[in-house]
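A.B. asks: Next come the chains, spelled out residue by residue.
2 protein chains.
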Amino acid sequence: MDDNRVLIFDTTLRDGEQSPGISLNTAEKLEIAHQLARLNVDVIEAGFPIASPGDFEAVQAIARQVQGPVIAGLARANPGDIDRAWEAVRDSERPRIHTFVSTSDIHIEHQMQNTREDVRGLARAAVAQARALCDDVEFSPMDATRADIEFTAEICQIAIDEGATTINIPDTVGYTMPDEYTRYLEQLYAFAPGLSGVVLSTHCHDDLGLAVANSFAGVLAGARQVECAINGIGERAGNAALEEIVMLLSTRGDAVGGLHTGIVTTELARTSRLVSRLTGYLIQPNKAIVGRNAFAHESGIHQDGVLKERTTFEIMDATTVGLEANQLVLGKHSGRHALKQALEELGYSVDGQALNTAFKRFKDIADKKKQVTAMDLEALVTDELREETGYALESFNVEASSVRPPHASVQVRMPDGSLAQGSFTGDGPIDAVFHAINAATGVDARLREYRVDAVSEGQDALGDVNVVLELDGHSATGQGVATDIIEASGRAYLRALTLAVAKATRGDAPRPKPEVPEPLPSPAT
Amino acid sequence: MDDNRVLIFDTTLRDGEQSPGISLNTAEKLEIAHQLARLNVDVIEAGFPIASPGDFEAVQAIARQVQGPVIAGLARANPGDIDRAWEAVRDSERPRIHTFVSTSDIHIEHQMQNTREDVRGLARAAVAQARALCDDVEFSPMDATRADIEFTAEICQIAIDEGATTINIPDTVGYTMPDEYTRYLEQLYAFAPGLSGVVLSTHCHDDLGLAVANSFAGVLAGARQVECAINGIGERAGNAALEEIVMLLSTRGDAVGGLHTGIVTTELARTSRLVSRLTGYLIQPNKAIVGRNAFAHESGIHQDGVLKERTTFEIMDATTVGLEANQLVLGKHSGRHALKQALEELGYSVDGQALNTAFKRFKDIADKKKQVTAMDLEALVTDELREETGYALESFNVEASSVRPPHASVQVRMPDGSLAQGSFTGDGPIDAVFHAINAATGVDARLREYRVDAVSEGQDALGDVNVVLELDGHSATGQGVATDIIEASGRAYLRALTLAVAKATRGDAPRPKPEVPEPLPSPAT
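Heads up: the sequence lines are chains A and B, in that order. Read in the working numbering, the first sequence has 23 at position 27, and its numbers run on one by one without any break. Read in the working numbering, the second sequence has 276 at position 280, and its numbers run on one by one without any break.
Because the hints were derived from the structure by calculation, they are not lab data. Here the structure is a predicted model, which means the values were calculated and not measured. Beta carbons are placed, not taken as given, at the ideal position from N, Cα and C, and that holds for glycine. A portion of the hints provided could be inaccurate.
Taking beta-carbon pairs under 10 Å as the criterion, some of the chain B residues facing chain A (in silico) [as the list claims (entries may be wrong)]:
1) ALA236
2) GLU240
3) VAL260
4) THR261
5) THR262
6) ASN289
7) LEU319
8) VAL439
9) ARG447
10) ALA450
Same shape as in the complex, but just chain A (with noise of 0.2 Å):
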């Protein structure tokens, strides 16, 4: 390949996913998987298969239905978390294993509490098992930045030895910067001669800001994979941002001898929006890349300088990153068939009932709002993506006023098909909404979070609501989009309701116990 050729290794759906409060189900993890596709990722991190059978399903899934990039399973240095993960990734056309332990003292001692004897003989074993399952094997010594770099060096040969394909070097809790970053990986080029022989890969997070410039720091060193994740989530203050990084190599790769990725820059904004709105975790406006106002100028000689000449001001264009390239726009008498092909453009392939169900939300909104646009039909179509077998909102009526207490009733349709009542008084109208739906489902949850953002801009723009809420230590989260905020927060709200019976009623072990008997390994290698 290509010496400047940077490989983007996605982990959105595995460090990212296991940020605290998301909660990804697999229709949804394979919507995000098919756009990483999209957008042309080399390497898809799809999830831990040994964390849960929920996981392990997602996994699946992906390995099976997603073409193009290679699929990558994570598993501690242990044989059944190996074996696990390579069932999982096993029928993808590129599968990968992607097998971890640390190598520091501070892990092994505290941590792991066992030896470096025993870090040699796992991290041996680990890798021999996999290679031989696969032919495509990444191994990590986590918390690699703040262990013994000799005795670090020495696990990587191992691995190599072993038949490693990918070495990854992750900053596991964020802890360095750039020159010491680059110093440690040109040190381990010498202490392993046989890093030369494979790809080096970086993991940084982000707790002291520094996750972009660290990745970037590894690039120059010699690493050419970078793991990174869409808006940058994961454990913490996250990992790198995928956006930044790619349009960093985009933008500045010509003054660092011509590196690049493959990335088809154009589908970064779609991406960071419906991951964004997948797991709830909102983009602040000044986010680079992906942030409302990156590209936004506010100050006058700003604005009269990008109008003289654009340079003056923009080193990157809007258009680049997938900005402002959706014009489309539906009106109230768009047809069935107008819709279908907006979805396709938007690389939405709906047909059948799916369209049928499209088709009415679309309508609905459509006589209420004047214009629908290629961000409300996102916002709808993710919405759909959320609809499962459970509770729904079948009628609710809400009062509320600055004299009277405010009062709601519901009725809600029952997963066995029958209606059920409530209605509460409470302290404001959707606390009163979402207290008639314990009572009338005779559920008690808790609602932990709550945040509503507006779709699009304007008055009569589309309302998305988030919630997150708790059962019997459950968390779940929902999310619901309407242009009545009520309306919006009850489905939110019977969504998370729904996915906490059902993590209730599966006796999942809530969080944070881990399923596993040992404590679950690190999203966060």
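Given the coordinates of chain A, assemble chain B onto it according to the supplied hints.
C.D. replies: Structure of chain B alone, referenced to chain A:
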């Protein structure tokens, strides 16, 4: 001064405040400036006095009332700007004039439409004039990182010869990379020998996600002032985030020769919340240092590790940035004295009528909410800061249901004290309330943005509503807090309306047109 001490120059109120959609009044700017003083920043860039009478008034108020930090005012390199900046800051105990001119050919030719010789003259005259007025003068060659380095060095040397005491090297468009910025500054030291006798400063933008890393590279190259903003707000993708560069130096300063700042880090979280609430710029959950999840551990192995030994997965303690510090809780039986004391602990000095108003609001909330926390109090006090003479929500009545379009009627207290009524049937209850307010006030404003966040966790959390509306080309923001989302929305909308009407009546030129004859200087030097 200690050679390893890095000065923190906060530009939240200048570069930050000129972010799209942010519009702070003088009371709000003062509140932020007082908090920045508690945070112990070294310099507050309070605004850009020539930009508008409102900007001048705010800078002057801060110069007169805020003790401790240097108070700086921005000025283009022309006599009118510099005189106006001096008028605004002269009453401070420690005033500074900050003047700038572009040195990049792309700006000189396209944006300023003059010559390098003009730039020499402008820089010389501006610094001489500023220095005759003020002992503390900062000079910035705008767009320096894209400019010819020898020419930029020549201009810096001219500024130093004329008496500039700080030279700031802006990466105006967020284009540079850490190694490149380091080399640039090293060469600058070689070409402009006078630099070693003044303070070198960085001002980095985050367009490619490198603002903090570039600032840090600058410090390693010898800079001892970092220009940054709370939450990283500012033009486009914003400035280097103050909290990130501060915690980077606090956490890793020892590894780079003992570099440190004078920041009281335990005030970081509160400052971040205050700025987010007043600007309406939310913070994403995975934002480093101040994001909701920046210190949250989700995976089993991480939680397990942290329980065994905190440092396995944590490089900072959340309490060092002021998270989880405020355990203070009031209830419905708490009296006026307890409230006053609690507010004082939070740094708010409230007396007389303001205390009465705050107490009334507190009691309303405490009746509905079992516990009133420090975060709730912060939100309430912030909410009260928005109180202006203008429109106020007297009463409202809303009915929303799945069978009829939602209907709202409102009573609005007009600025002249009279009561006006309005009603409307809309697409959603919030839409109906906003149109009803338009009908009551006779003002035809258009909603542009709408967002709701919960102040704290739980079913009885306060709703914090932010709106942006537009009236005759003027945009204005408003914020409202209440347990009832409809009440909070009405309050927020009326505050924005008050602001927008004031702007339209004053005959402010609608943004983006500047009020000064020539294009407004860049807030993003």
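A.B. asks: Does each hint hold? Answer for all of them.
C.D. replies: Hints versus structure:
The restraint placing ALA236 of chain B at the interface with chain A holds, with a minimum CB-CB distance near 8 Å, inside the 10 Å limit. Here the hint on GLU240 of chain B is kept, as its CB sits about 3 Å from the closest CB of chain A, short of 10 Å. The interface hint given for VAL260 of chain B is violated, since its Cβ lies 19 Å from the closest Cβ of chain A, which is over the 10 Å cut-off. Residue-level restraint check for THR261 of chain B is violated (minimum Cβ-Cβ distance to chain A is 13 Å; threshold 10 Å).
Annotation: THR262 of chain B was flagged as interfacial toward chain A, and the flag is violated, the nearest CB pair being 18 Å apart, outside 10 Å. For ASN289 of chain B, the interface hint holds, since its Cβ comes within 10 Å of a Cβ in chain A; the closest pair sits about 5 Å apart. Here the hint on LEU319 of chain B is broken, as its CB sits about 12 Å from the closest CB of chain A, past 10 Å. Because the beta carbon of VAL439 of chain B sits about 14 Å from the nearest beta carbon in chain A, more than 10 Å, this interface hint is broken.
Because the smallest distance between the Cβ of ARG447 of chain B and any Cβ of chain A comes to about 6 Å, under 10 Å, the interface hint for this residue holds. Hint on ALA450 of chain B holds. Least Cβ distance to chain A is approximately 5 Å, under the 10 Å limit.
Comparing the model with each numbered hint stated earlier shows that hints 3, 4, 5, 7, 8 do not hold.
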